[in-house]
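**Q** These protein sequence lines are chains A and B, in that order. Note that my numbering gives residue 526 to position 526 of the first sequence, counting from 1, and the numbers run on in steps of one. Note that my numbering gives residue 958 to position 312 of the second sequence, counting from 1, and the numbers run on in steps of one.
Note that these hints are calculated values from the structure, not bench results. Computed from a prediction, not measured in an experiment: that's the story for all the values here. Each residue gets a CB set at the ideal place from its N, CA and C atoms; glycine is no exception. One or more hints might be untrue.
To be verified - Quick look at which bits of chain A chain B covers, simulated, 3 or more residues with Cβ under 8 Å: (1) 300 to 313; (2) 403 to 414.
Said to hold, decoys possible - BS3-like mimics (lysine-lysine), calculated; alpha carbons at most 30 Å apart, straight line: (3) Lys1204(B) with Lys434(A); (4) Lys540(A) with Lys1059(B); (5) Lys641(A) with Lys589(A); (6) Lys276(A) with Lys1283(B); (7) Lys887(B) with Lys637(A); (8) Lys1158(B) with Lys1048(B); (9) Lys999(B) with Lys922(B); (10) Lys589(A) with Lys934(B); (11) Lys249(A) with Lys1158(B); (12) Lys1287(B) with Lys637(A); (13) Lys353(A) with Lys1231(B); (14) Lys1287(B) with Lys288(A); (15) Lys1158(B) with Lys588(A); (16) Lys641(A) with Lys1274(B); (17) Lys1158(B) with Lys589(A); (18) Lys259(A) with Lys1158(B); (19) Lys952(B) with Lys249(A); (20) Lys922(B) with Lys402(A); (21) Lys227(A) with Lys213(A); (22) Lys276(A) with Lys1048(B); (23) Lys512(A) with Lys1287(B); (24) Lys1287(B) with Lys641(A); (25) Lys288(A) with Lys213(A); (26) Lys934(B) with Lys276(A); (27) Lys895(B) with Lys259(A); (28) Lys249(A) with Lys585(A); (29) Lys1186(B) with Lys288(A); (30) Lys288(A) with Lys1274(B); (31) Lys1234(B) with Lys353(A); (32) Lys1204(B) with Lys288(A); (33) Lys922(B) with Lys276(A); (34) Lys259(A) with Lys1274(B); (35) Lys1059(B) with Lys276(A); (36) Lys227(A) with Lys125(A); (37) Lys1253(B) with Lys628(A).
2 protein chains.
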Amino acid sequence: MIKIKFPDGSVREYKKGITSLEIAEQISPRLAKEVYAATVNGEIRDLTRSIDTDATLILHKWEDEQAKHAFWHSSSHLMAEAIEALFPGTKFGIGPAIENGFYYDIDPGNEKVFTDSDLVLIENKMKELASKNLTYVRKDVSKKEALDLFSKKGDEYKTELIGDLEDGTISLYSQGNFTDLCRGPHLPSTEAIKAVKVLSLAGAYWRGNEKRKMLTRIYGITFPKQKMLDDYLVFLEEAKKRDHRRIGKELELFTFSPKVGMGLPLWMPKGSEVRKSLIDFMTGILRKRGYQMVTTPHIGNVNLYKTSGHFEKYGADSFQPINTPQEGEQFMLKPMNCPHHCEIFNATPHSYKDLPYRMAEFGTVYRYEQSGELHGLTRVRSFTQDDAHHFCRPDQLREEFKSIIDLVLYTFKILNFNEYTAQISLRDPDNKQKYIGSEENWIKAENDIIEAAAEKNLKTIVVTGEAAFYGPKLDFMVKDAIGRKWQLGTIQVDYNLPERFDLTYNGSDNQKHRPVMIHRTIFGSMERFIAVMIENTAGKFPLWLAPDKAIILPISEKYNDYAQNVLQLLNNSDICTLIDERSEKIGKKIRDSELRRIPYLLIVGEKEAENGTIAVRKQGEGDKGAMKIDDFVTFIKEEIKKEIAV
Amino acid sequence: MIKIKFPDGSVREYKKGITSLEIAEQISPRLAKEVYAATVNGEIRDLTRSIDTDATLILHKWEDEQAKHAFWHSSSHLMAEAIEALFPGTKFGIGPAIENGFYYDIDPGNEKVFTDSDLVLIENKMKELASKNLTYVRKDVSKKEALDLFSKKGDEYKTELIGDLEDGTISLYSQGNFTDLCRGPHLPSTEAIKAVKVLSLAGAYWRGNEKRKMLTRIYGITFPKQKMLDDYLVFLEEAKKRDHRRIGKELELFTFSPKVGMGLPLWMPKGSEVRKSLIDFMTGILRKRGYQMVTTPHIGNVNLYKTSGHFEKYGADSFQPINTPQEGEQFMLKPMNCPHHCEIFNATPHSYKDLPYRMAEFGTVYRYEQSGELHGLTRVRSFTQDDAHHFCRPDQLREEFKSIIDLVLYTFKILNFNEYTAQISLRDPDNKQKYIGSEENWIKAENDIIEAAAEKNLKTIVVTGEAAFYGPKLDFMVKDAIGRKWQLGTIQVDYNLPERFDLTYNGSDNQKHRPVMIHRTIFGSMERFIAVMIENTAGKFPLWLAPDKAIILPISEKYNDYAQNVLQLLNNSDICTLIDERSEKIGKKIRDSELRRIPYLLIVGEKEAENGTIAVRKQGEGDKGAMKIDDFVTFIKEEIKKEIAV
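Whole structure, please, built from the sequences with the hints as guidance.
**A** Laid out in C-alpha cells, this is it:
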C-alpha cells in the first residue's frame, strides 16, 4: 500500500500502482469526469500513469492552468491527426498549448496553401475523431527508436528536435492513427473534448528563426462543453472589437509606416494628446512625491554600455552599434535609461542626508524585437518608459518600496484597475552564488519587499528563483474589463549597477558608501499602457484622457456661426472641442460622433443661439439639459477633477 | 577723369588712378584716418588700390564689418610677423579675421610648445612692429612665383594652399619682413593698430581634418584705440561670467559625461525643469494657435531618408546607419523630424478644407558634429528642436508666414529679446535652374515672405542667392544683454519634400493637389535656446523659468520645523521651493542663495513662526515685507502670470 496526501492535508492509503484517475473515481465518479491532469510529488503527469510510492497528489480541474494545458495539448495532437488524415504527407513542427488554446506549426509542402475553408474541414475532422473516444497512450523510447520512426515517416522537423534531446528522456504519445514526439501530459482520451474551434492561420518561422523555413501555424481551441466555447467566441469577438490596433486606427491615435519601419509607432495628434495627458498626470504625482525629472539622450557611447553590462546583453540580436567618422568610436541606441541616470547621479557628490534621490524620466528606449513578435503597441521597437531610479541607503529600502507600492495602487485606483495581483520574485535559495550582492543585503531586501507589500495590504504571490541576478523584484498585473491580465509596472532592487558605476554617497561617518538602486515603472511603457487603456475602455477613454472632450453639432447650417463662437470659447478655456459643420441630419451627426467616442455632444439650434446656451448630451448617458458655455466649462473641469482625485 | 558715385547718391569727378584713401583725404583728413577698407563697384578692396574707371564707392569706417575684417586680417599678418621674428622656422597655416579679432594657425615644429608667456612676448612684439608704421604692399604673382617663394621658405602649408588656387588669381601681401599668401584687403599700414591683445591658445587640425596635423591656433584682437580694447576686455570678462557652460555647472542645470559621449547633454533636474517650463509655455501657445502635437521615434529606416534625400546628405561625416539582425535592414538616427511628419501627413486623406495642417513636435534629432566643433549646449550632437511643419495650400502661404512671424515676435517679447533682426533669403536670380519648384510658385512664395514681413513691420535684410534649393526662407537673430547676436528661429518654404513624399490633398475641384510645406522653429533648439537664455540673463532666469522659485532660510535651527511646514505648503501649491537648514549665519545663507540665483528668499524666525508668515526678499531688489503663506503663493502666481502675458 502507498500513502497519498491530498492538498487539504488528509492522507489515504491505496494499493501500489494505482492511477490518479482511479483515485479520482474512488472519490467520486463525477470528479473523475472533471479532472484533466495530476501533479504527483510536484511533477505534472497524465491521469493514467501509475503511482508507485507514497506521494502528494493534486488533481487538476478545468480552473487550473495545468488542466487546460493538458486539455489543449491533447487537442493539438488531435488536430495534427485530423490534418494528417485530410492532407497526407504534411510534416509537423511543434504543437504546444498556449494561454488560450493551442497551435500546430506544419509544413504542407510547397504545393499546398491552406485557406479558411481547410480550417472548417480540419475542425469537422477533429470533431469526428474526438467522438471516437481515442485513448492517448504514452510510450518511453530510446533516441534511436524515435529517430527511426520519424525518419521513416519523413518528418525532418521531428528528427531535428529529437537530435537535441538526451537519450533516456524521450517519450511518444499516440492516439488513433497519430503518434507524436511529446513530453505530455495528456488527457486519458479524446472523450472530454466536446467543443472544437479551429480559429485561424498564420505564418511562423521554424524555430522562430527568420533564416529557416516559414511554416503554417494553425490555431485552435477546445472545451469540455459547447457553452464554454460559445462564451469564448463571444469573448473573442469582444476582444476583437477592443483591439487597440483597430481602435487606434479608427480614432487616429497612432499609425505605423513601412518607410519609418515596423514597430516604430508614429503618434498622431490625438494619440499624442492621450500620451501627454498621462505624462502630465504622472509628472504631477511624481513632483508631489519628491521625484526629480531628468532628460537624457537616446544614444550612449558603447563604453557606457560596457560599464553597465548592456553591451554584452544586447548583442547580435539587437540594433547594432552606430559607427562615426571617428575611428573606433561607437554609439548604441539606448535599450534602458539606467546607465544615463547613473552618470547623472555621478555628476555631483551626495550626502547620506540627501538620499533617497528619486530620479525620473519618460525615456524612450530602443530594443530590436523580431518582426514576427511585433504587435500593435504592445510589442514595439521603440517605447517610452515612465522610468525612475531611487538611489537610496540600504536602510531606506523598505520605505522606498512602500512609497512605490503606494504610488502604484494610487495610479491603479485613478485608472479604474480595481483587480490586480502582484508577484514577489526572490532568489533561488539553492543557487545563491549566481546572484550579485552580499548575503546580508539580499536577506534584508527580500524581507523589505515582503514586509512592505504586507504593510500595504497587497495581495501577492511569492516565487523563488525568479529574481534577477542583480536583485529581487515585485511585478504588478491588472485585469481588464473583459478579464484579461496585463503586466504593467515593476519594482526591482539592483545591487549591480551601483557597483559597476561606482556610485557612492558620503555617510554620517564621513566614509564613502554604496547606495542601493531601485528601478521602477508604473505604466510600464506609454505604448503598452495606452494599448491596455484602449482595450480596457474599448476606446471610450475617461474624460480626462479623451483627446477631444466635446463636439459641437449645429442642428442646421444656420447655426454654424454660433457653433463657431462656442468652439472658440471652449478652446480658449482649454477644453479641446471639435465641430461638425456638415449639412447632415442631427441624428447622423450624433451617431457619427458616437463612433468617434467623443464624451460630450453639444447640440446647438435656434433656442441655444438665442439664449447663449448649448444642449449637452453625454455619450452613453444621454441628455444633461441646457447649459451656459461658462457653466459647461466649469462642469467639465469639475468632472475631470473628480476623475483624477481619489 | 572718372566719375565716383557715393552711397548718398552724389557723384564727383577725380583723376583716373586715384586711390580710395586719396578720395577720403580730399573729403576730409579726419575721414581718411577713420576708414579701413573700401568697396569699389561691389568689390571689397585695399584703400590704397587705384581706381581706373567710373565706379560706385563705399568707404568703410569701423562700424562696418568690412572695416573690421581688413583691420583684423592685417593684424593677423602682423601677429605672424611677430611670431616669425620671435620663433624663426615656424610654419604658417591660415590666419583669417573672425567675428571678434583674428587667429593664426601655426606649426611651431615638434620641439616647441607654446605657453601663455609666449603670448605676452608675441603681443609685445606686435606692439613694437605696429609702432613702426609698416606699409602693407600687395603684389600679384604667378602660381609658379608663389610656389617658389614658399617652397624656398619651407612653408608646406602655404604651398598646399597655392596648389588649389588658379593661376592668375594669386596675390601676396608684405609688411616689414613678412610676406603672406593673401587675397586681402588690408590696411594701408600698421599705423592704425593702436591696441593689441593676444588672447589665447587652442589646437586645430590643419584644414579641419582630424586625420591631418594638429596645429597651434593663436587668437588675438586689436583696435584703433586703447579704450576700445579695454571695453572689449571688460565685455570678454562679462561674457566669461555669463558662459552657459560655467553657469550650467554651478546651477546644476546640465552635465556631460565622457562615458555617454561628447556633445550629448544630460539634463539634470533643474535644467530639465527649465526645459519643461519652456516646452509647456510653447505648447500652450501652439495649442491656441491651432497646432497639433505629434510624437515620432528617433530613428527611421534608411528608406525613409532615401525618400527624403537626407540619406545622401548625411553621409560619411555623420552618424552611420544602424544595422539589425535582419540582413539588408538599416536604420538611421534622425537628423530631422520632417520625414516622420510627412509620413504622419500621409497616414490620412486631407481635404482642402482641412488645411493648413500645423504639425508640431519637440523632436530630438542627432547630428554628428566634429569633436572640435562641440561647444557646451550651442553645438551638440543631440538636440531637441521646437519643430513644426505647416502643410498648406499655395494660396495660404502668406497667411501662414504672417502667423509664424506673429508667433516669433510674441515669443521674443515675452522672453525680453527686444532687439532682433531678420534675414530673407531668396533665389539667385541668375541661377534659377538650381532650385526645385515652379517659377510661378517661387515668385509667389518670395513675394509672400517679403510682404508678410512688411505687413508685420519686421525689419529685414534681403539676401539673394541664400535660399535653400527647396525654397526661400526667413531667419531671426536676437541681440543679448551684452550685445551679442544669436541666430534663433527660422521659417523655410519647402517644395521638395511634398514631391518626394508624394503629399496630396483633395482640392475643391475634387482633384489631387500638392501642398506646400513650411518648416519652422521658434527657439531653434531647446539646447541652444537655453544656452542663450543663460548667457542673456547670466543665470538669473525670469521667475517663470527659474527651476526653484524660492528658498526658505530659517534664522536658526529652532525654526527648522516651521520652515519645513512652509516648505510643504509651498511645494503643495506647486511653487518649487528649497530650504537651507544648515546651522550657518543668516547673512551667509543669503549670500549663498544669491549665488544659486534663486529669485525669492523667505526668511523665517520667531516673529514669522508666531504669526504664520514669511519675510520675503527678492534677489536684487531686497525686502518685500512679511507675507502670509497663502498670500505669497498668490503673489508668486501673479508675478509669473505677468511675466508670460504681453
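**Q** Is the hinted pair Lys249(A) and Lys1158(B) satisfied, with a Cα-Cα distance of at most 30 Å?
**A** Holds - the C-alpha atoms of Lys1158(B) and Lys249(A) are around 23 Å apart, at most 30 Å.
**Q** Lys1158(B) and Lys1048(B): Cα distance at most 30 Å?
**A** Within the cut-off at roughly 26 Å; holds.
**Q** Lys1204(B) and Lys288(A) were given as a pair; does the straight-line alpha-carbon distance stay at or below 30 Å?
**A** The given pair, whose Cα atoms are some 26 Å apart, holds under the 30 Å limit.
**Q** Can you confirm whether the C-alpha distance between Lys249(A) and Lys585(A) stays at or below 30 Å?
**A** holds (26 Å)
**Q** Going straight from one Cα to the other, do Lys1234(B) and Lys353(A) come out at no more than 30 Å?
**A** Holds - the C-alpha atoms of Lys353(A) and Lys1234(B) are around 21 Å apart, at most 30 Å.
**Q** Given the hint that Lys952(B) pairs with Lys249(A), does the C-alpha gap stay at or below 30 Å?
**A** holds (27 Å)
**Q** Under the criterion that the straight-line Cα-Cα distance not exceed 30 Å, is the pair Lys276(A), Lys1048(B) satisfied?
**A** holds (29 Å)
**Q** Hinted pair, alpha-carbon criterion (30 Å max): Lys1158(B), Lys588(A). Please report holds or violated.
**A** holds (28 Å)
**Q** Under the criterion that the straight-line Cα-Cα distance not exceed 30 Å, is the pair Lys1186(B), Lys288(A) satisfied?
**A** holds (25 Å)
**Q** Within a Cα-Cα threshold of 30 Å, do Lys1287(B) and Lys637(A) meet the stated pairing?
**A** holds (21 Å)
**Q** Taken at face value, is the distance from the CA of Lys1231(B) to the CA of Lys353(A) at most 30 Å?
**A** Holds, at roughly 20 Å.
**Q** Regarding the pair Lys641(A) and Lys589(A), is the alpha-carbon distance no greater than 30 Å?
**A** Holds: Lys641(A) and Lys589(A) sit about 29 Å apart, inside 30 Å.
Of the numbered hints stated above, those contradicted by the structure are hints 2, 3, 4, 7, 9, 21, 23, 25, 27, 34 and 37, listed in ascending order.
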